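Asker: Listed below, chain by chain, are the residues.
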Amino acid sequence: MDADGIHGQLDTLILATLKRGEAHGYAIISALREHSGERLDLPSGTVYPALRRLERAGSIRGTWSQDAGRRRRVYALTEDGLKALDKGVRDWKSLREVMSAVLGA
Amino acid sequence: MNEYIAAVAAPLRGPRRVRRDMLAEIEDGFEEAVAERVAAGLSRGEAVDGAASEFGEPRIVAAEVQRELEAAQARQTAWTLLIALPAMTIMWDVFGGDGDPGLAATLLARVVDAATAVAFGAAALVLTGHLERRAARLCGLLGLVQIATALGCSALIAMVADGQGPTGAWAALTAASAAGSILVCTASVRALRTARAAIS
Numbered sequence: 001m002d003a004d005g006i007h008g009q010l011d012t013l014i015l016a017t018l019k020r021g022e023a024h025g026y027a028i029i030s031a032l033r034e035h036s037g038e039r040l041d042l043p044s045g046t047v048y049p050a051l052r053r054l055e056r057a058g059s060i061r062g063t064w065s066q067d068a069g070r071r072r073r074v075y076a077l078t079e080d081g082l083k084a085l086d087k088g089v090r091d092w093k094s095l096r097e098v099m100s101a102v103l104g105a
Numbered sequence: 106m107n108e109y110i111a112a113v114a115a116p117l118r119g120p121r122r123v124r125r126d127m128l129a130e131i132e133d134g135f136e137e138a139v140a141e142r143v144a145a146g147l148s149r150g151e152a153v154d155g156a157a158s159e160f161g162e163p164r165i166v167a168a169e170v171q172r173e174l175e176a177a178q179a180r181q182t183a184w185t186l187l188i189a190l191p192a193m194t195i196m197w198d199v200f201g202g203d204g205d206p207g208l209a210a211t212l213l214a215r216v217v218d219a220a221t222a223v224a225f226g227a228a229a230l231v232l233t234g235h236l237e238r239r240a241a242r243l244c245g246l247l248g249l250v251q252i253a254t255a256l257g258c259s260a261l262i263a264m265v266a267d268g269q270g271p272t273g274a275w276a277a278l279t280a281a282s283a284a285g286s287i288l289v290c291t292a293s294v295r296a297l298r299t300a301r302a303a304i305s
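Those sequence lines, one after another, are chains A and B. Mapping the first sequence onto this note's numbering, position 67 (from 1) lands on 67, and the numbers just tick up by one. To get this note's numbering, take the position in the second sequence, counting from 1, and add 105.
In isolation and in its complexed conformation, chain B is listed as follows (with noise of 0.2 Å):
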């Protein structure tokens, strides 16, 4: 990697795959710049010179592709939270028991479905188009919240809930939920993350 597309890698953040293909694509076009100049008669440290001249300043070109890879993480991101999150819901309504938990427990898990239908439609608007702007740090953010919401909710009803012991899937609902859960929050922070390195 030559110095120029390393000064403009270095605050780069965001998801891997995406970072690489662009800088890649950049370094290409950046070579094929020095190769005309050269061909034109110029030295290479001249023909190097004049190619970061026409690219524009490092800082200028990466805040326009941290912004592109903030979008990718958005959407990568929003991808998790509209998967896993009706995922965990499902699964607990379906085998989480029949019994009634009582009055207390089921307004705690409307608490959780109100967090988790908050995060699914940001996460549906972004992927639709429908919201871009700060899309990463809202996706982060709710993603955060829906499952600090989910925790807290959970460990309230564990309390509460009405002669409801746990039920044979008890102990798998727990490990695929922890599963889901710590998928959402590591999404959720490489969302928060990557907004936060925003080139100014």
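Next comes chain A alone, as it looks inside the complex (with noise of 0.2 Å):
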């Protein structure tokens, strides 16, 4: 699937990914790549902006650490992002349903 396929979706995928727990940016995109089955393919890149939206909103909250030496941004879900992801899951199922009743699928 590709970035339009995904478009809207990407806020709520980042949300769960990080309700398994902290990680930080490239650790997200590959948790992505690896629990889509490979079929997720969207730019790398989009995905820091969307992290740094997600923090903006409070549904995530980054720190800097250091690990191995290296400077990086740690992401973790708060309260409000719970909250987010949960009602993006019951947006998508609903618009799962719209889509298979109009599809008859």
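In case anyone wonders, no lab produced these hints; they're calculated from the structure. Note that the structure is predicted; figures quoted are calculated from it, not measured. Ideal Cβ positions, reconstructed from N, Cα and C, are used throughout, including at glycine. You may find that some hints are simply not true.
What the hints assert, rightly or not - Using C-beta positions, here's what the derived DEER-type ranges look like:
no. : chain 1 : residue 1 : chain 2 : residue 2 : range
1   : B       : A277      : A       : R71       : 40 to 46 Å
2   : B       : R239      : A       : G104      : 38 to 44 Å
3   : B       : A140      : A       : G37       : 19 to 25 Å
4   : B       : D205      : A       : L82       : 55 to 61 Å
5   : B       : V265      : A       : A57       : 47 to 53 Å
6   : B       : T233      : A       : L95       : 26 to 32 Å
Unchecked claim - Reference excerpt, derived from the structure (chain A facing chain B, CB under 8 Å, subset only):
no. : residue
7   : I29
8   : P43
9   : S44
10  : G45
11  : R52
12  : R53
13  : R70
14  : W92
Hints given; two lone chains; assemble the complex.
Answerer: What follows is the structure, given as structure tokens:
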């Protein structure tokens, strides 16, 4: 699935990934790839601005840390992020039902 | 900085620290993507090409980063408006003297207050997350409009005020207002420049 296919769902996918535990940017990208069975064809560079957007919205919290001599920003889900994830999942299920009904699938 | 990150960085405008941090984060991820490919047996050049392909067109990534820079600049400018504008208003109200300056000067002062209230209100909406679309452009424009209004009206007030000579605090108030105005102008121009750099 390409970037257009997941338009509007990237935030929910990132929040779902962070529900499994805190992670830095590239670990999130790797997890998205792995959990989608390598089917998610997303420009990895666009995940970083999405992380900042989610942080600005209060859904995740980013902190700089030192990892093997590298300065990295590690993200964790917040309480608001958990609520946003629940809403994202509900919205997705609703959309899926509508699509299935219309497409007769 | 590698070529890919340099291409992402080239068109970006906005707060220096946020820009530096975001680019450092992308570069860190990019280097990890390169290292993964090198570990899998590719040459450094092939690994860099592969990572660049994975990270996406620099213009697309830059456009997304620029949106975040614009939001960050909008917040910075909004904070400046939220603090500096009421501070200047209160300063003149408290130390500007008690005498009646006359109807014309009072009306002109109310015009400045109205411009201040509009800019302050917009800044508050931006900082509380109620206004995001074109926030940087709006804050920049309202900041400059407020300063232009304040300068114009202050010049007219100086001409029409009834018998109110400068008080002892007048020089200090003018100097403080000039400093505040420069602060607001600088933040407003930065916001407009950042908004103008939007990448499509």
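Asker: Please go over all the hints and tell whether each is borne out by the structure.
Answerer: Hint check results:
1. B/A277 to A/R71: 40 to 46 Å: The hint (40 to 46 Å, Cβ to Cβ) holds, given that B/A277 and A/R71 are roughly 45 Å apart.
2. B/R239 to A/G104: 38 to 44 Å: 42 Å, holds
3. B/A140 to A/G37: 19 to 25 Å: This hint holds: roughly 23 Å between Cβ atoms.
4. B/D205 to A/L82: 55 to 61 Å: 59 Å, holds
5. B/V265 to A/A57: 47 to 53 Å: 49 Å, holds
6. B/T233 to A/L95: 26 to 32 Å: 29 Å, holds
7. I29: Constraint on A/I29 satisfied, holds at 7 Å.
8. P43: Result: holds, 2 Å to nearest chain B Cβ.
9. S44: For A/S44, the interface hint holds, since the closest Cβ of chain B sits about 5 Å away, which is under 8 Å.
10. G45: Holds, because the Cβ-Cβ distance from A/G45 to chain B comes to roughly 4 Å (cut-off 8 Å).
11. R52: 4 Å, holds
12. R53: 6 Å, holds
13. R70: Holds, about 6 Å.
14. W92: Hint violated; A/W92 Cβ to chain B Cβ min 22 Å, cut 8 Å.
Hint 14 from the earlier list is the only one contradicted by this structure; the remaining hints agree with it.
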